[in-house]
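Engineer: Please build the complete structure, drawing on both the sequences and the hints.
Chain by chain, the residues run as shown.
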Amino acid sequence: MQITSAMPIAEMVGANRLVLGNGIVHVVGDAKVSVDEEKGIRRQLVQKALKALQRDDD
Amino acid sequence: MRAVHYLNQFFGGLGGEEKAGAPLEVHTGAAGPGKLLEQLLGSNAEIVTTLICGDNYAVENQQSIVSAVLEKVREANADLFVAGPCFQSGRYGMAAGSLCSAVQAKLGIPVIAGMAQENPGADLYRDTLFIIDSGDNAAKMRDVMNRMATLAKKLLAKEAVGLPKEEGYIPRGLIRDHFVEKTAAERLVEMVLAKVKDEPFESEMIPTAFAPVPMPPGVKDLQKAKLMLITDGGLVPKGNPDRIQSSAATRWGSYTIKDRADLRSEDYEISHGGYDPQFVRQDPNRLVPLDVMRELEQEGVIGELYDEFISTSGLANPLSNTRRMGREMAEKAKRLGIDAIILTST
Amino acid sequence: MQLTLAIHPITEIRFGENTRLDGTVLVTAKDELYRLASQVPGIESVDFEIVCPGESCRAGPIFDIVEPRAKAPGGSPDWPGILGAPQTAGSGTTHVLNGAAVTLLREESPGESRGVTGFVLEMSGEAASASHYAQLNHLIIIPHSKPSLPVHAQQKAYRLAQLQIAVHLARAALDTTPELTQQFDLSAAENLTASPRVAYVGQIFSRQRKPEADEPILYGTDTEGMLPTLLHPNEWLDGALVPSYHTSLGGAETYFYQNHPVIAELYRRHQARELNFAGTVATIASADNLDRERNTRFAAHLVKWALKADAAVLTKFGGGVPHTDLAETARLLECNGIKTAVQVTDLARDRRVESALLFNFPVVNAIVCIGGNSTQWKLPAVERVIAANSALAELLAGPFEIDSHNVIGVANQQGASRLRSMVY
Numbered sequence: 001m002q003i004t005s006a007m008p009i010a011e012m013v014g015a016n017r018l019v020l021g022n023g024i025v026h027v028v029g030d031a032k033v034s035v036d037e038e039k040g041i042r043r044q045l046v047q048k049a050l051k052a053l054q055r056d057d058d
Numbered sequence: 001m002r003a004v005h006y007l008n009q010f011f012g013g014l015g016g017e018e019k020a021g022a023p024l025e026v027h028t029g030a031a032g033p034g035k036l037l038e039q040l041l042g043s044n045a046e047i048v049t050t051l052i053c054g055d056n057y058a059v060e061n062q063q064s065i066v067s068a069v070l071e072k073v074r075e076a077n078a079d080l081f082v083a084g085p086c087f088q089s090g091r092y093g094m095a096a097g098s099l100c101s102a103v104q105a106k107l108g109i110p111v112i113a114g115m116a117q118e119n120p121g122a123d124l125y126r127d128t129l130f131i132i133d134s135g136d137n138a139a140k141m142r143d144v145m146n147r148m149a150t151l152a153k154k155l156l157a158k159e160a161v162g163l164p165k166e167e168g169y170i171p172r173g174l175i176r177d178h179f180v181e182k183t184a185a186e187r188l189v190e191m192v193l194a195k196v197k198d199e200p201f202e203s204e205m206i207p208t209a210f211a212p213v214p215m216p217p218g219v220k221d222l223q224k225a226k227l228m229l230i231t232d233g234g235l236v237p238k239g240n241p242d243r244i245q246s247s248a249a250t251r252w253g254s255y256t257i258k259d260r261a262d263l264r265s266e267d268y269e270i271s272h273g274g275y276d277p278q279f280v281r282q283d284p285n286r287l288v289p290l291d292v293m294r295e296l297e298q299e300g301v302i303g304e305l306y307d308e309f310i311s312t313s314g315l316a317n318p319l320s321n322t323r324r325m326g327r328e329m330a331e332k333a334k335r336l337g338i339d340a341i342i343l344t345s346t
Numbered sequence: 001m002q003l004t005l006a007i008h009p010i011t012e013i014r015f016g017e018n019t020r021l022d023g024t025v026l027v028t029a030k031d032e033l034y035r036l037a038s039q040v041p042g043i044e045s046v047d048f049e050i051v052c053p054g055e056s057c058r059a060g061p062i063f064d065i066v067e068p069r070a071k072a073p074g075g076s077p078d079w080p081g082i083l084g085a086p087q088t089a090g091s092g093t094t095h096v097l098n099g100a101a102v103t104l105l106r107e108e109s110p111g112e113s114r115g116v117t118g119f120v121l122e123m124s125g126e127a128a129s130a131s132h133y134a135q136l137n138h139l140i141i142i143p144h145s146k147p148s149l150p151v152h153a154q155q156k157a158y159r160l161a162q163l164q165i166a167v168h169l170a171r172a173a174l175d176t177t178p179e180l181t182q183q184f185d186l187s188a189a190e191n192l193t194a195s196p197r198v199a200y201v202g203q204i205f206s207r208q209r210k211p212e213a214d215e216p217i218l219y220g221t222d223t224e225g226m227l228p229t230l231l232h233p234n235e236w237l238d239g240a241l242v243p244s245y246h247t248s249l250g251g252a253e254t255y256f257y258q259n260h261p262v263i264a265e266l267y268r269r270h271q272a273r274e275l276n277f278a279g280t281v282a283t284i285a286s287a288d289n290l291d292r293e294r295n296t297r298f299a300a301h302l303v304k305w306a307l308k309a310d311a312a313v314l315t316k317f318g319g320g321v322p323h324t325d326l327a328e329t330a331r332l333l334e335c336n337g338i339k340t341a342v343q344v345t346d347l348a349r350d351r352r353v354e355s356a357l358l359f360n361f362p363v364v365n366a367i368v369c370i371g372g373n374s375t376q377w378k379l380p381a382v383e384r385v386i387a388a389n390s391a392l393a394e395l396l397a398g399p400f401e402i403d404s405h406n407v408i409g410v411a412n413q414q415g416a417s418r419l420r421s422m423v424y
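Those protein sequences? They're chains L, G and U, same order as listed.
Be aware that the first sequence starts at 1, since it is given in our numbering, and climbs by one per residue.
Be aware that the second sequence starts at 1, since it is given in our numbering, and climbs by one per residue.
Be aware that the third sequence starts at 1, since it is given in our numbering, and climbs by one per residue.
In case anyone wonders, no lab produced these hints; they're calculated from the structure.
Computed from a predicted structure; not experimentally measured.
One should not assume that every hint holds.
Claimed, not checked - Straight-line distance between alpha carbons at most 27 Å, and here's what the computed BS3-like set of lysine-lysine pairs gives:
1) G:Lys226 - G:Lys197
2) L:Lys51 - G:Lys332
3) G:Lys334 - L:Lys51
Structural biologist: Spelled out as structure tokens, the structure:
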């Protein structure tokens, strides 16, 4: 599956499993929050990704 | 001029669908529609060998018939290789495309195929081969063979090949600029007037419809699954050992993360010109989430994280590169028994 | 609003004792021009050259090309917002020195954004035959700006010097009877109810770059914060607009605002009663997704509700981001029942059609593609190279290879290009 902040392109080329990332410059990060908070955000995104991998529908 | 012709079981006269499993046969001289082709190629042309193979056999034994055909074409000392026309027959078209492709690449002689635009062989091979658009009506054989023969003669004479409409081949998708009489302004207004009046018009560019990618079924048991991380954000080890280009990259690399709990900023650099790299430089896990994946691996949420992550740069990268690289990465993942991939993109 | 163009054909430019029109010969005095240019803040000194069509000559990097035109008294002002008060452009009589151009050179290579040579004016050979500019007589201005002038001041000096000289030259024609006159007037529209109403939507800037401080684009404003706006076609033709200084946003020159190909064609067809020229919208390519949603909707609504158009033609100003804005605006128009045709450049770096368009909207299916990435020329060594310094002159001397879109006038985005992408 793909984690990306540029959804329209991913959709256009037909990617099936997509999760919206947290910005182009830190797709699974966040420079504006504390290190711990950031780790939490990253974990959440990856868990979303894992959920997407398990799905059978679009 | 010596030519070799490839036909399937039906056009080769072996029989219908019941003969689709027939293995590759070698005939001296022209057979079936090849006789017409030979005529149209001219008096100094001869089809020295006709290769006939059942559609199913060809598809199921692709590797071996490619080698066998290459050998036969070499033996025949051929100047030209022709496959089909296949019309709408999909297995035939795929075989024809793959054989023409191999002959072109390995033997460097002109190759021509013929098939309908919708033939899956056309879709896969149109950008590297000249495939005459045969339509799906085999009754048009003479007309189709004529175009195949004409284009073949041009290729042999190394003459410039004209536009798809002129020569009758399926557009290969290569762009060339021409100077025309009318300015862009004139063409714009003319086109919009036709459109608004519901009259036919010809657009100068067709948007590519991306064929839908079939979705594989979801991972059944995540706790047993082997995952791999891939990124197109251009994260590479310091020194960029594989010299992955920052834009229009033609290469990708696979980098060890064995026994690492996370990615350290001093070990990596960024080869990508399309985003501000400072945040990922500070903490590469913001692009390739190794730290979190390791935790999830230790917690047993996923079975295993593969020992390497794959990386390239997606910036300004034409499909001609990325299609190939994607395929190569997928092949590697399949070989390693990877169950699922997380691709992180900038 | 009626605009009359008084056309004076020019077949030659010559240096002489004063500025005057001698039949079709434009005579001008170097010291007069020198005095004019030196008054512009930031200009330390300036040189002038004359170049004619067919000469083995090359000049560059080009800043801009302007057609010498001057307003007759009683109409709108010359270059409102830049040389004068920002009153609405496009009415009264404008005298045009047709066949002449005032062309200003840059003193530095634009570098990565445009390739080291920047835009090159080529006066003979294969490349020249593809550009309208090779058919004109050019007065070339070679500026020498004061050292360590900030970029915005230097570019502003270029802009002012060029426009002032262009106006000054054309003033020589004010009392001369023109060879012909052309009227630009939409008031006859009432009789065209049966014809389709067609609008023009043209981008005039792209927010991929910030304008320079004090950079004039639309009536002297820099377009910051601008939302798409209605303009009468005459405003484009008569001094409301100049292109941005930034070379990366290429393919537009003042000359083709003055002689706007799309507007000229829409006017021609309007006068031939084949369509009803509904008007124009000036728009800007966006800084980000939110900006794009806002701008494209504003533009589409102006076309639908203010211009009540049945169809629209669209052009862009720049590369990929403007391309995206263009496609999105066209899509919205189509969704509103307005048929569109768009002019794009070929964005593929690998000459493959699948990489050429970054959009795939089935409704945006009328596309004029002026290519650009597939054509290169080997430019020969020429007899005369005009540049601001010897380093640039050496760079331009040739032979060297150039992308077609770096030869000025070839890949013009205002509709002048005769390039067309063909798919093989």
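Engineer: Determine for every hint whether it applies to the structure shown.
Structural biologist: These are the hints, each one checked on the structure:
1. G:Lys226 - G:Lys197: Judged against 27 Å, a Cα distance of about 58 Å means the pair is violated.
2. L:Lys51 - G:Lys332: Roughly 24 Å separates the two Cα atoms, so the pair holds.
3. G:Lys334 - L:Lys51: Satisfied, since the Cα-Cα distance of roughly 21 Å is no more than 27 Å.
Checked against the numbered hints given earlier, this structure breaks only hint 1.
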